[in-house]
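Q: Position chain B with the ligand against the provided structure of chain A, taking the given hints into account.
Protein chains in written order, with our numbering: chain A, 1 to 200; chain B, 1001 to 1468.
Hints are supplied without guarantee of correctness; some may be wrong.
What the hints assert, rightly or not - Keeping only pairs whose Cα atoms sit at most 25 Å apart, straight-line, the calculated SDA-like set for lysine to any residue is:
hint	chain 1	residue 1	chain 2	residue 2
1	A	Lys62	B	Pro1440
2	A	Lys3	B	Cys1025
3	B	Lys1192	B	Gly1304
4	B	Lys1090	A	Phe29
5	A	Lys120	A	Asn172
6	A	Lys195	A	Leu181
7	A	Lys167	B	Gly1200
8	B	Lys1010	A	Arg194
9	B	Lys1005	A	Gln197
10	B	Lys1164	A	Pro164
What the hints assert, rightly or not - Only part of the chain A face toward chain B is listed, based on derived beta-carbon distances under 10 Å:
hint	residue
11	Asp15
12	Ser32
13	Ile33
14	Arg35
15	Ala104
16	Ile106
17	Ile177
No lab work stands behind these hints, which were simulated from the structure alone.
We treat Cβ as the ideally placed atom computed from N, Cα and C, and that holds for glycine.
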Amino acid sequence: MDKFTTLTGVAAPLDLINVDTDMIIPARFLKSIKRTGFGKDLFYTLRFDESGNEREEFVLNKSAYRNAEVLIGGKNFGCGSSREHAPWALMDFGIKCVIAPDFADIFYNNSFKNGMLLIKLPQEQVDQLMEDAKSGANATVTVDLEAQEIHRPDGEVIKFDIDPFKKHCLLNGLDDISLTLQKENKIAGFEEARKSQPWL
Amino acid sequence: MSNAKTLFDKIWDAHVVDEQDDGTCVIYIDRHLVHEVTTPQAFDGLRNTGRGVRRPELTLAVADHNVPTTDRSQGIDEEQSRIQVEALEKNCKEFGIELYGMDDIRQGICHVVGPEQGFTLPGTTLVCGDSHTATHGALGSLAFGIGTSEVEHVLATQTMIQTKAKNMRVSVNGALPVGVTSKDMILAIIGKIGTAGGTGCAIEFAGEAVRALSMEGRMTVCNMTIEAGARAGLIAPDQITFDYVMGRPMAPKAGAFEMAVEYWKTLHTDDGAKFDTEVSLEAADIPPMVTWGTSPEDVAPITGAVPSPDGETDEGRRNKMRRSLEYMGLEAGTPMTDIKIDTMFIGSCTNSRIEDLRAAAVVAEGRQVADHVQALVVPGSGLIKELAEAEGLDKIFTEAGFQWREAGCSMCLAMNADKLKPGERSASTSNRNFEGRQGPGGRTHLVSPAMAAAAAIAGHLTDVRDLD
Ligand code: SF4
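If we strip away everything but chain A, and leave its shape as in the complex, we get (with noise of 0.2 Å):
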């Protein structure tokens, strides 16, 4: 998993609620067996019209936010499926960052997974991001992991919350089946202590 530990890209403004995985990326899509390639297809009913034309009004489709990394999104992002296309969707297409009031908790664990930042910010915060998200490419913002900030395009900071463990995954890049493998003797106690339950 690659590191998280600053970013300075331009955001884009994604002004919906409910923001569901079907949207992010539709069910037809998931017959990879890979990883990677799902960018192409991303929020594919609202990018691209019934011929597969870009939509010219879908904020992604526009010149100033083609290659956005930062997406600033409404209240409940990611709802709906557990498919973990959603984000690495996301993260092909070049998002490395999701900022919104809250999160659904299946998208948001799988998005930490794979080394994507997501950041919960009460709503009048999310919206004063919206509204420099709004004014386009020339508004970049850094959000800074370690210091837990983000630095708005007018300098101004903004200060997030983040649960520590997630963090220290971020920051160094680790994966998460090494660290519990580390706890294996735990494991395998615990299995032992479980035989007097012999249905299991």
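A: For chain B with the ligand alone, kept in the frame of chain A given last:
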């Protein structure tokens, strides 16, 4: 301090392998279901890192998401679906995992197969790379939907990393009125608490109306917990649960079974246990429900009308409503019963069990599907299909003009050939009405099996209680 624990606390505490100071826990996983769509990348990960599967006997695999529901004797036409199903076969063989392939009578939707085989047991932790894993909570199993990285983690370690969820209880008091089902109950609950109402929580469903439900009805309720944003849904195991589990192929055998039941009887919320959130509803107030929008919280009673965004005070919500109505091609104020449908789908892990098929067959018997409606009945597993045929339900359906299909996810998520065309409208017993869920541009109204059958016959959404 009181030692009173909730049902969720008890199951959680019994599975903690390790807890860090910051509350991050390693919890043991007793049961793992895998299917073809969310796992190939996980098995690849294991191969790339030279890791094996820790306890292959605790994992069960089934192909369901994109198998065809029509004749399967020639295999799968669509190349990419075939590749996924073949990858699952190859991976299960390589790692020693039991698989119910497409031609196995036990094949079906993973969340139908688990309970049916006795693989799902009370008091266990169960995970699957599918958000509707919450279904298994109906048996008192703590069940989470997980992503592909977590699937890999569970395969390699038989554990997962989690922080403990909060406790929430939803009580439904009294008795449901005649003609109102568990599907209406859960739609009413989601309508009340919203799609983010359960975020961060494990929801325990309680109250007389919940206790009175059959195992099938309980599964429908827990299945849709994820649509309220919760991590898991739970119902305390009781005699109905024990009777359901007893004798199933993978359930504990005599001797062990009695021992297990003694333990399962301790799995209930203690008096005085504290919930972070409590919500209650009166069953008598719940009518048959339908959805009008593109989120499962967009519900209305069948006796009501499409709501108007103008009455909504929250701006984000108002915009979302406008967008939904435009997508759904609906005008505010239209009576729900005036909405014409093109397609009807009975199936999915929400409503494809034998009881669901029976309820729909009661409505279908001696009636005819409206000329302009295509109606699909897709049983949840090969075994349900076989049982339904033994009861003659297939005849009732086909004589009434419904199509009778093979088991699978089908039009729930439109990964196989069963999908809506742009602009087509369905009455569907599945669990999500998201934009494009049942096919690009398709419009979905979520309903119970009886209400779906009634809509197919009337040709529009209708109150099943009004059918003569
Ligand atoms: S029926 Fe639908 S919700 Fe259930 S497992 Fe299949 S795709 Fe998922």
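Q: Determine for every hint whether it applies to the structure shown.
A: Each hint tested on the structure:
1. A:Lys62 / B:Pro1440: At roughly 23 Å apart (the allowed maximum being 25 Å), Pro1440 of chain B and Lys62 of chain A satisfy the hint.
2. A:Lys3 / B:Cys1025: holds, 23 Å
3. B:Lys1192 / B:Gly1304: It holds: about 16 Å lies between the C-alpha atoms, which stays within 25 Å.
4. B:Lys1090 / A:Phe29: The hint holds at about 22 Å.
5. A:Lys120 / A:Asn172: Holds - the C-alpha atoms of Asn172 of chain A and Lys120 of chain A are around 21 Å apart, at most 25 Å.
6. A:Lys195 / A:Leu181: holds, 21 Å
7. A:Lys167 / B:Gly1200: holds, 19 Å
8. B:Lys1010 / A:Arg194: holds, 15 Å
9. B:Lys1005 / A:Gln197: Distance of about 21 Å is within 25 Å: holds.
10. B:Lys1164 / A:Pro164: holds, 15 Å
11. Asp15: holds, 8 Å
12. Ser32: With a closest approach of 7 Å, the Ser32 of chain A hint holds.
13. Ile33: At about 4 Å, which falls below the 10 Å cut-off, the nearest Cβ of chain B leaves the hint on Ile33 of chain A intact, so it holds.
14. Arg35: holds, 5 Å
15. Ala104: holds, 6 Å
16. Ile106: Since the shortest Cβ distance to chain B is 6 Å, the answer is holds.
17. Ile177: holds, 5 Å
Of the numbered hints stated above, none is contradicted by the structure.
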